[in-house]
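Use these hints to put chain X onto chain G, whose structure you have.
Residue numbers (numbering that gives the first Met the number 0), protein chains in the order written: chain G, 0 to 467; chain X, 0 to 467.
Read the hints as simulated data drawn from the structure, not as lab findings.
Bear in mind that the values here come from a model prediction, so they are computed numbers and not experimental data.
Don't take each hint at face value.
The list cannot tell twin chains apart, which means a pair is met if one copy fits it or any two copies do.
[Unchecked claim] Quick list of in silico lysine-lysine cross-link-like pairs, BS3-like style, CA-CA up to 25 Å: (1) 10 - 203; (2) 231 - 404; (3) 203 - 461; (4) 404 - 465; (5) 338 - 231; (6) 48 - 88; (7) 313 - 404; (8) 350 - 203; (9) 447 - 88; (10) 203 - 337; (11) 73 - 88; (12) 313 - 10; (13) 48 - 461; (14) 88 - 337; (15) 394 - 73; (16) 461 - 404; (17) 313 - 29; (18) 394 - 431; (19) 431 - 400; (20) 88 - 29; (21) 313 - 23; (22) 200 - 401.
2 protein chains.
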Amino acid sequence: MHPDLLNRDLKEAQYAVRGELYLKADELRKSGREIIFTNVGNPHNLGQKPLTFIRQVLALTTAPFLMDNPEIVKQFPADAVSRARSIIKSIGSGVGAYSDSRGYPWLRQEIADFIQRRDGHPSNPDHIFCTDGASVSVRMALNAIIRDEQDAIMVPIPQYPLYSAAIRLYGGSLEGYYLDEPSGWQFKMDELKRSVNKARKAGKDVRALVFINPGNPTGQCLSRATLEGLAKFAYEERLVLMADEVYQENIFQSERPFVSMKQVLAELGGPISKEQELISFHTVSKGVYGECGLRGGYMECVNVHPGTIDEMYKISSINLSPNTIGQVALSLMCNPPKKGEPSHASYYQEKQTLHDSLIRRAHIMTDGFNALENVSCVFTEGVMYSFPRLHLPPKAVEAAKKAGKAPDTFYCLHLLEETGISVVPGSGFGQKEGEFHLRTTILPSEEKMKEVVEKYKSFNAKFMAKYK
Amino acid sequence: MHPDLLNRDLKEAQYAVRGELYLKADELRKSGREIIFTNVGNPHNLGQKPLTFIRQVLALTTAPFLMDNPEIVKQFPADAVSRARSIIKSIGSGVGAYSDSRGYPWLRQEIADFIQRRDGHPSNPDHIFCTDGASVSVRMALNAIIRDEQDAIMVPIPQYPLYSAAIRLYGGSLEGYYLDEPSGWQFKMDELKRSVNKARKAGKDVRALVFINPGNPTGQCLSRATLEGLAKFAYEERLVLMADEVYQENIFQSERPFVSMKQVLAELGGPISKEQELISFHTVSKGVYGECGLRGGYMECVNVHPGTIDEMYKISSINLSPNTIGQVALSLMCNPPKKGEPSHASYYQEKQTLHDSLIRRAHIMTDGFNALENVSCVFTEGVMYSFPRLHLPPKAVEAAKKAGKAPDTFYCLHLLEETGISVVPGSGFGQKEGEFHLRTTILPSEEKMKEVVEKYKSFNAKFMAKYK
Numbered sequence: 000m001h002p003d004l005l006n007r008d009l010k011e012a013q014y015a016v017r018g019e020l021y022l023k024a025d026e027l028r029k030s031g032r033e034i035i036f037t038n039v040g041n042p043h044n045l046g047q048k049p050l051t052f053i054r055q056v057l058a059l060t061t062a063p064f065l066m067d068n069p070e071i072v073k074q075f076p077a078d079a080v081s082r083a084r085s086i087i088k089s090i091g092s093g094v095g096a097y098s099d100s101r102g103y104p105w106l107r108q109e110i111a112d113f114i115q116r117r118d119g120h121p122s123n124p125d126h127i128f129c130t131d132g133a134s135v136s137v138r139m140a141l142n143a144i145i146r147d148e149q150d151a152i153m154v155p156i157p158q159y160p161l162y163s164a165a166i167r168l169y170g171g172s173l174e175g176y177y178l179d180e181p182s183g184w185q186f187k188m189d190e191l192k193r194s195v196n197k198a199r200k201a202g203k204d205v206r207a208l209v210f211i212n213p214g215n216p217t218g219q220c221l222s223r224a225t226l227e228g229l230a231k232f233a234y235e236e237r238l239v240l241m242a243d244e245v246y247q248e249n250i251f252q253s254e255r256p257f258v259s260m261k262q263v264l265a266e267l268g269g270p271i272s273k274e275q276e277l278i279s280f281h282t283v284s285k286g287v288y289g290e291c292g293l294r295g296g297y298m299e300c301v302n303v304h305p306g307t308i309d310e311m312y313k314i315s316s317i318n319l320s321p322n323t324i325g326q327v328a329l330s331l332m333c334n335p336p337k338k339g340e341p342s343h344a345s346y347y348q349e350k351q352t353l354h355d356s357l358i359r360r361a362h363i364m365t366d367g368f369n370a371l372e373n374v375s376c377v378f379t380e381g382v383m384y385s386f387p388r389l390h391l392p393p394k395a396v397e398a399a400k401k402a403g404k405a406p407d408t409f410y411c412l413h414l415l416e417e418t419g420i421s422v423v424p425g426s427g428f429g430q431k432e433g434e435f436h437l438r439t440t441i442l443p444s445e446e447k448m449k450e451v452v453e454k455y456k457s458f459n460a461k462f463m464a465k466y467k
Numbered sequence: 000m001h002p003d004l005l006n007r008d009l010k011e012a013q014y015a016v017r018g019e020l021y022l023k024a025d026e027l028r029k030s031g032r033e034i035i036f037t038n039v040g041n042p043h044n045l046g047q048k049p050l051t052f053i054r055q056v057l058a059l060t061t062a063p064f065l066m067d068n069p070e071i072v073k074q075f076p077a078d079a080v081s082r083a084r085s086i087i088k089s090i091g092s093g094v095g096a097y098s099d100s101r102g103y104p105w106l107r108q109e110i111a112d113f114i115q116r117r118d119g120h121p122s123n124p125d126h127i128f129c130t131d132g133a134s135v136s137v138r139m140a141l142n143a144i145i146r147d148e149q150d151a152i153m154v155p156i157p158q159y160p161l162y163s164a165a166i167r168l169y170g171g172s173l174e175g176y177y178l179d180e181p182s183g184w185q186f187k188m189d190e191l192k193r194s195v196n197k198a199r200k201a202g203k204d205v206r207a208l209v210f211i212n213p214g215n216p217t218g219q220c221l222s223r224a225t226l227e228g229l230a231k232f233a234y235e236e237r238l239v240l241m242a243d244e245v246y247q248e249n250i251f252q253s254e255r256p257f258v259s260m261k262q263v264l265a266e267l268g269g270p271i272s273k274e275q276e277l278i279s280f281h282t283v284s285k286g287v288y289g290e291c292g293l294r295g296g297y298m299e300c301v302n303v304h305p306g307t308i309d310e311m312y313k314i315s316s317i318n319l320s321p322n323t324i325g326q327v328a329l330s331l332m333c334n335p336p337k338k339g340e341p342s343h344a345s346y347y348q349e350k351q352t353l354h355d356s357l358i359r360r361a362h363i364m365t366d367g368f369n370a371l372e373n374v375s376c377v378f379t380e381g382v383m384y385s386f387p388r389l390h391l392p393p394k395a396v397e398a399a400k401k402a403g404k405a406p407d408t409f410y411c412l413h414l415l416e417e418t419g420i421s422v423v424p425g426s427g428f429g430q431k432e433g434e435f436h437l438r439t440t441i442l443p444s445e446e447k448m449k450e451v452v453e454k455y456k457s458f459n460a461k462f463m464a465k466y467k
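Here chain G stands alone, though its shape is the one from the complex:
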């Protein structure tokens, strides 16, 4: 197992979110430095509390014998107990048994009902796959689509590097299309057209188009018109649409509320609504749940051939079953406490408090960046990241070159060393040649956030002065 003898695709795959910067930060942490990890959207790691109702039900579902003890039962709200009882009844054999490889049948029905309530259009539970986090769903779909390096997948640039890593791992080709920063990272149809044509000219079979809404790392929310444009483009070009919609609850503006691609397709009507293939992804890790550690995600396949569903079912069966606790968490995300139930008010209050705070933090962060010399930042309309542009002076670019680093990596390494803030350089997500960015989460607490902004301010001033 010498590294020289390993699978080439595996060696070439890169995953920047836990790449050089993260490893360096972890090393500093081990040596005793206080590190502010804003490299990955991991809210509980930065002090965010889980929603109480979710954890109450999870605890009772994990240890159902607790509900035989009246002394314990009376310490819980009645709806947490009745919910846990009903989940245990649906599972039948407790969370220690494997579920169906696609996830519990009753859960897939609940997810289908949730999608139908959200979109106003039916959803088929047999076309839903639950997985250990949405990342596994994305990988499963790409693994099915990609045959060899002639197969290209269109991915936005900047993108979430799960896509580049997985496409590389499965031996396919990534064809990037650029998002337009001056218009707030919008999708431009002529750029999509340029990208697909370029790949085809190079002899590629372009199989799928990935888009992320709201955008990771770019934070933009897509309008219905943009989504319709994407749908029509995919239909004309015969591409599978892969809709990364994991941040659908993280929306910090009101002009463009979240609309799912599933809904857009259904409402376009006609052949496109019945033929356009779509796989969309969702998770309990994002929103204000932040239950990253539980690894609960799903994908819904729309207009996908039943034979393909069968093949993916077979492949999911090799791992036997997604973890059951993540599945129970998905059930709770799809079915919050109802009006009139004892936990209803507190549940929504907890959600609202977290959501309002995220909005304030999005403002603190982007305002903070825009106040810095040589830094500009599109407002973070959604998700949990800001992606400022670093207008690095030529001397900084030169110094980076000498150090053998990409210029934004150079900036981010200095930032880490001087402030303890761990971020991901823009090069990990992709960006236009000669442009530089970084991605940070907006997840430190509000008090901490002010400290973070101050740290950026003094670091950036020194850095820019040095390389003026």
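Just chain X now, with coordinates in the frame of chain G:
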């Protein structure tokens, strides 16, 4: 995404444990038939209760705020509360945050300590990877090793079909070596030699040797001498050893207690102990824990190049983190209640009761099979399966052919239709040409087991009479 356009490796991968028989059984279940699922080692699904201490600690770790309530705390044994507190302290940010992609650092240290206590030799926590069940570990290792179809992996026949499925999925070649049924499914060195030579003659680069101890589906426990033979063979032939040791606590005889390959290598001394590459797998799904649904597994890499460890770390980071609840369960498996702690006696009593019952069930099952006409069964010395041989009469083989089925699939389908017992045909695991088997778990409760044996008896008598 038409099935004709999917990845060929994915389409060709087969996973019999949830294959034709399982799908048929699931269909019958949906139509209202009572099905006894003995196709997969899923103990809780057949009524086995989880160990109380494990679930107490998991519940408190999932909802730590419960421990702020003295009324709740006093309903738990003190060591469950203190254990949950200490785990929460180690985690720092609760189970909702991603862990390191290899698993929590403190947990990997605990696993290393557990391995050292078991084997008497040190273990390096940085060479341990926690994953969502051991299946993911196996897949990760095979994915790293296999470059293309010239790379061959030696696998026992019969084998656990995770191996054949994953090798196919990653585009490698499986080279089978036969286990010897007359000697109780023992490993024969000349057969290993034949197998490696055959592959090399066909131009293959033989990269690794998989063995399963105790054997799945075959149930044999390996002696230290056999393990030494395997180690020396792998060393001479320069093969990575992949040790599937997930059933290490499921041992139903006392002549050959479990010895890990790690220990064998260390005690062989000399260059083999320092150079032979080994990856071993373990899990909370087996033993008497049966926590399949939690998906907690790990692999330990021994004598593996640090560059390769780094590559596997990178790949594991694409999924961000294994699920945290499975990791906490691993911690509890490695650290049962200590002598003097309040849960100590009850914990070991629960374990012993389950273990003793499994031993009785292994006897009921194999005795039952050996009492049947044209069926013989090697005693199930370990694991949770019996793998009887079906000496099918020529007329049955012919009838199967006419029905377009493998003869053992034909037998198993009839068994399912007439008795509701769902098993896996031997062809799913591999067997010698012209021989037929089936795999069943020994997991139904003891009362149910007697009913199962009766059902086999009347079904088999009818089947054998029909095709005499």
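Hints, verified against the model:
For the homomeric pair residue 10 and residue 203, the shortest alpha-carbon distances inside one copy (23 Å) and between copies (22 Å) are both at most 25 Å. Taking identical chains as interchangeable, the C-alpha atoms of residue 231 and residue 404 are never at most 25 Å apart, the minima being 41 Å within one chain and 46 Å between chains. Taking identical chains as interchangeable, the C-alpha atoms of residue 203 and residue 461 are never at most 25 Å apart, the minima being 47 Å within one chain and 59 Å between chains. Taking the shortest alpha-carbon separations for residue 404 and residue 465, only the intra-copy value of 17 Å comes in at or below 25 Å, while the best inter-copy value is 76 Å.
Proximity of residue 338 and residue 231 under a CA criterion of 25 Å is satisfied in neither setting, with 39 Å inside one chain copy and 68 Å between copies. Within a single copy, residue 48 and residue 88 get their C-alpha atoms only as close as 28 Å, which misses the 25 Å cut-off; across copies the closest is 15 Å, which meets it. Taking the shortest alpha-carbon separations for residue 313 and residue 404, only the inter-copy value of 20 Å comes in at or below 25 Å, while the best intra-copy value is 44 Å. In this homomeric assembly, residue 350 and residue 203 never come within 25 Å of each other (Cα to Cα): the closest approach is 45 Å inside a single copy and 58 Å across copies.
For the homomeric pair residue 447 and residue 88, the shortest alpha-carbon distance between copies (22 Å) is at most 25 Å, but the shortest distance inside one copy (43 Å) is not. Proximity of residue 203 and residue 337 under a CA criterion of 25 Å is satisfied in neither setting, with 50 Å inside one chain copy and 61 Å between copies. Taking CA atoms no more than 25 Å apart as the test, residue 73 paired with residue 88 passes inside one copy only; the shortest distance there is 20 Å, against 27 Å between copies. In this assembly of identical chains, the alpha carbons of residue 313 and residue 10 lie at most 25 Å apart only when taken from different copies (9 Å versus 27 Å within one copy).
Taking CA atoms no more than 25 Å apart as the test, residue 48 paired with residue 461 passes in neither setting, with 35 Å inside one copy and 62 Å between copies. In this assembly of identical chains, the alpha carbons of residue 88 and residue 337 lie at most 25 Å apart only when taken from the same copy (19 Å versus 34 Å across copies). In this assembly of identical chains, residue 394 and residue 73 lie within 25 Å of each other by CA distance neither inside one copy nor across copies; the values are 67 Å within and 65 Å between. Taking identical chains as interchangeable, the C-alpha atoms of residue 461 and residue 404 lie at most 25 Å apart only when both belong to the same chain, with a minimum of 19 Å there against 75 Å between chains.
For the homomeric pair residue 313 and residue 29, the shortest alpha-carbon distance between copies (19 Å) is at most 25 Å, but the shortest distance inside one copy (42 Å) is not. Within a single copy, residue 394 and residue 431 get their C-alpha atoms as close as 20 Å, which meets the 25 Å cut-off; across copies the closest is 71 Å, which misses it. In this assembly of identical chains, residue 431 and residue 400 lie within 25 Å of each other by CA distance solely inside one copy; the values are 18 Å within and 62 Å between copies. Proximity of residue 88 to residue 29 under the C-alpha cut-off of 25 Å is restricted to the inter-copy arrangement: shortest distance 17 Å between copies versus 45 Å within a copy.
Proximity of residue 313 to residue 23 under the C-alpha cut-off of 25 Å is restricted to the inter-copy arrangement: shortest distance 14 Å between copies versus 40 Å within a copy. In the homo-oligomer, the alpha carbons of residue 200 and residue 401 never lie at most 25 Å apart, since the shortest distance is 37 Å inside one protomer and 51 Å across protomers.
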